[in-house]
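J.: Protein chains in written order, with the numbering used here: chain A, 16 to 417; chain B, 8 to 238.
Just so you know, these hints were derived from the structure itself, not from any lab.
Each hint should be verified, as a subset may be incorrect.
Derived DEER-like restraints, expressed as beta-carbon distance ranges [claimed, not checked]:
id	chain 1	residue 1	chain 2	residue 2	range
1	A	Asp220	B	Ser60	43 to 49 angstroms
2	A	Asp335	B	Val198	40 to 46 angstroms
3	A	Gln137	B	Asp114	39 to 45 angstroms
Remember, it's a predicted structure, so these values are computed and weren't measured experimentally.
For each residue, glycine too, the CB sits at the ideal point set by N, CA and C.
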Amino acid sequence: MNGTVVAKKKIHSSTSTKAVPELNDRNVLETKPVSHTERIHAEPTHLEQAEEAVSLFRTNALQRRLAQLGQLDLQLRDQGLAAGVDQKPWSLLYKALTDSIGADPKTFQLIYPFTSWNWATQQVGFIGAAQYNFCAAVPQWSAVGNYNSSGDMFNQAFQEFLNVIVASTDDPQLRVQISQAADKLTLATNDYTTVYNQAVSAYNDSVTNNDPPFDKWLGTPPGKGFQTQIIAKGITVDQAQQNYNNLVDQANTPGLADAQTQFKNKDFYSKLTDPGLSGFPKVPNWSASDNPSSWVDRIKAGQGPAGATMGFTSRDASYDYSNTWAGGSISIKQVFWQVNVSGQWQSITEFESDQELEVSIEFEAIDQIQIQPSPWYNGSFVRSKANGPFKKGYSAYGGDGT
Amino acid sequence: MFVGYKPTFTIRTSQSSFSSFLNKFKVTTGVRIGPFTFEASGGMEKAGWTYSSQGQTFTGTSTSETPLIIGVAISELPQGGANLFLTRSEPQARKGVCYRFAGREGDILARGVSEEECGSLGGESWAPIGALAPAIVTRDVHDVRVLPLHGDPVLTNGIGHMDFNGPNLVLVRCGIFAQNKPLPRVGTEYVITGEYDDHPMPFRYTVRCTVAARPVSQFVPAVSDLEEEQP
């Protein structure tokens with residue numbers, strides 16, 4: 016990858032981080048020669064893989080990514096002109112928030128819809144579906160992002176990343192075996208992705224505002240049938256992955272076999288606690304630095320974090336998202352001003368057009384909570400291989416890397 | 008991620024909006040402003056929400072005891088595992104609340120300001136938002152030499168800043184890479200040696216270049232979770 020691209024790579028992990036696995040430069044979609052030392056060793060391992068199976072997960076992720084970028088560009092172009100009535104206050108709120116709570120636009124994503132931090136404290140080895148979904152879902156590439164509990168899962172993106180790293184070996188027979196095992200693995204994963212996407216589609220048709228979150232929904236009667244299929248396909252994928260890993264173990268790409276083994280180490284996995292998910296396989300664990308009940312208790316005891324006040328007026332100029340980490344924001348699909356009357360949420364049209372509106376929001380306490388993947392995720396390995404070498408047909412910046 | 012507790016809203020409107028919205032406000036059980044939901048459990052009166060015809064304002068505090076998730080800090084390639092606190096970004100001054108008197112007493116002079124800014128505002132105490140930010144310590148260095156694994160050094164007699172989080176090196180910024188002089192190559196490993204300004208102690212790290220620029224280039228540890236040897 017050339018110097019400019021890497022120089023623009025921003026890795027922010029101030030205190031609490033959420034993963035966006037897509038690498039950042041959206042302009043570079045083609046593979047470029049990599050000025051990386053490992054490249055030299057990996058070069059001869061490419062095989063002719065004309066009829067290699069194509070990963071559905073990566074194709075879908077790329078399409079979603081391009082669609083998001085398309086929307087993003089359109090919105091940037093339309094800013095101030097055709098942007099919907101409702102977009103402006105979101106941008107003002109984004110600015111007010113980053114100003115008042117000290118969040119850096121270079122890392123901060125404001126999320127909607129309304130999401131409660133109500134993750135129950137679990138015993139070691141268990142994780143609630145709400146916590147798992149929130150931590151594992153890859154955020155939208157947008158300054159104001161729509162959290163969707165059925166979105167792409169970070170751990171799957173990580174697995175796909177590991178699977179496209181070239182396993183270098185001098186043994187031609189092993190190369191052929193690895194290539195065949197990779198094909199089988201991709202086909203098994205595609206089966207899994209197909210079933211998973213059907214579940215996602217049914218979920219999105221019937222559930223709004225992530226209530227319940229996707230994995231929890233799999234444990235409810237409408238999701239149960241999908242859960243059974245997902246579990247069954249998952250077993251096939253695990254088997255194919257194991258076969259592939261066994262072969263990679265014999266190759267000699269530094270760190271790759273270790274990263275694969277680390278990712279499959281069930282010590283770093285947790286069982287979902289929710290009723291209805293008892294048969295669901297363990298999921299990669301995520302931990303949070305605090306839990307909501309003790310956090311609230313500390314606030315009530317006067318030992319909590321400081322609060323913050325933020326405000327804006329309708330006369331303020333729209334905030335320019337171009338300085339944020341995402342470089343823009345996708346059109347927000349939620350009405351900004353809403354009021355609940357007789358159990359129904361309706362938009363407050365008076366406020367949308369009011370030119371004298373002034374709003375101030377004060378939080379009694381605001382805090383940053385750290386969430387992090389357990390050691391199934393190998394950050395050092397990802398960084399060392401962020402520019403490949405990848406298997407033929409894959410590049411770092413097409414949304415097809417992690 | 009950022010979380011918040013017990014939000015209160017105050018909305019001042021025009022006269023026409025006020026009178027038009029008032030009827031709905033009197034019977035409401037909740038208001039949403041963007042992603043924030045303010046619950047008025049049992050109706051606005053029971054929840055203690057108020058309005059003022061003179062000021063044309065609506066005010067209310069959410070009755071919900073559940074914290075809400077406001078947003079997340081995005082990490083494009085999250086660190087994960089042992090080297091969680093390593094950061095590749097420029098260290099930032101922490102933001103917090105500035106109080107007039109010591110011990111978080113007295114008026115709040117400003118919010119979202121750094122400790123230095125608070126001092127310049129005349130505040131006597133300051134409390135950070137959040138509590139888990141890594142403490143980045145920057146140490147100045149001289150006699151910096153940047154040596155590729157093969158070939159001639161790309162920098163000799165340089166100066167620089169090294170950011171540490173605890174014992175871990177996070178980022179090296181060094182120069183001066185003058186015009187017509189060689190630049191390091193992004194992604195390539197180098198050995199950086201030199202001496203700390205404050206203690207006459209030598210250091211040696213294996214690093215990888217992340218930004219190649221004049222006059223200052225940046226490097227991160229090549230093997231970030233291993234303790235580097237320090238002679």
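J.: Could you run down the list of hints and mark each one as holding or not?
T.: Here's how the hints hold up against the structure:
| no. | hint | in the structure |
| --- | --- | --- |
| 1 | Asp220(A) / Ser60(B): 43 to 49 angstroms | holds, 45 angstroms |
| 2 | Asp335(A) / Val198(B): 40 to 46 angstroms | holds, 43 angstroms |
| 3 | Gln137(A) / Asp114(B): 39 to 45 angstroms | holds, 42 angstroms |
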